[in-house]
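A.B. asks: Single-letter residue listing:
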Amino acid sequence: SQQGEEDPQALSIQEGENATMNCSYKTSINNLQWYRQNSGRGLVHLILIRSNEREKHSGRLRVTLDTSKKSSSLLITASRAADTASYFCATDARDDKIIFGKGTRLHILP
Amino acid sequence: DGGITQSPKYLFRKEGQNVTLSCEQNLNHDAMYWYRQDPGQGLRLIYYSQIVNDFQKGDIAEGYSVSREKKESFPLTVTSAQKNPTAFYLCASSIGVGATDTQYFGPGTRLTVL
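In the order they appear, the protein sequences are chains A and D.
Count the first sequence with our numbering and you get residues 1 to 110, in order.
Count the second sequence with our numbering and you get residues 1 to 114, in order.
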C-alpha cells in the first residue's frame, strides 16, 4: 500500500550541480519526511515538513510541499560526491504510521 | 547509525531453517520497527512495537515473528514459513509511533537463503 512515489527513479548529475527529486502522494497527509540511504546502510532522517508549511531549509537541502498538487520536492544545492545515495520520502498514512516510497537513486559524477 | 545496532551484518540460511536477527537500541525509545527492503523497492513494514511486551503486525508479517521483552531489544525471527526471505532487513526506533517522530535506523542485516 504505497503512498509516496519518488521521481525520477534514478538521477546522475555533475558534482557542483543542483539535484532535484520529487515525491507525489495519493491521499491527504499531515506531514512528509525525507530520508537518505547510503548503499548498504540504514536510512538517515533529513527533514520533516508539515502540511501547513510550504518550504523548509536545512543546510544545502530545500524541501517544498504543495498540498494542492499532493507533491513535495527535495533540492540539494551544490552537490558533492558524498551526496550519492538513495533518497526516500515518507508520508503519514493510516494508523498514524509512515509509509516509505521506492526512492530516487542519486549519483554524483566527479 | 545513531545508537541502534543490528547483528549480524550478513546472514546465510539454508532452506527450512529459522534464523533470528538481533536489534538493540540505547536511545531509550519506546517504539521499534522491522522493515524489509528488496532491490528497487522501498521499505515494507514487517512488525512494530510501541511498548514492552506488545507488538503489532505490519504489512508483510506472514512468516516472521518478533518479541519485545526488553525496551532495548526487538529481535526478528525469520521462520521457514517465509517463502522468499532473501532481503535486506532494517530495524528502526523512534520516541513514539506518531508519524511526526523521526525514525533512527540500524545498519541492516543482509539475509541470503542458500
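Hint data in this document are derived by calculation from the structure and do not stem from the laboratory.
Heads up, some of the hints might be wrong.
Said to hold, decoys possible - Chain A side only, calculated, beta carbon under 7 Å to chain D, not exhaustive:
1. 38
2. 42
3. 45
4. 92
5. 98
6. 100
7. 101
8. 105
9. 109
Here a beta-carbon is modelled for each residue, glycine too, at the ideal position from N, C-alpha and C.
A.B. asks: Does each hint fit the structure? Answer for all of them.
C.D. replies: How the hints compare with the structure:
| no. | hint | verdict |
| --- | --- | --- |
| 1 | 38 | 10 Å, violated |
| 2 | 42 | 3 Å, holds |
| 3 | 45 | 5 Å, holds |
| 4 | 92 | 3 Å, holds |
| 5 | 98 | 5 Å, holds |
| 6 | 100 | 4 Å, holds |
| 7 | 101 | 5 Å, holds |
| 8 | 105 | 9 Å, violated |
| 9 | 109 | 21 Å, violated |
In terms of the numbered hints stated before, the structure departs from hints 1, 8 and 9, listed from lowest to highest.
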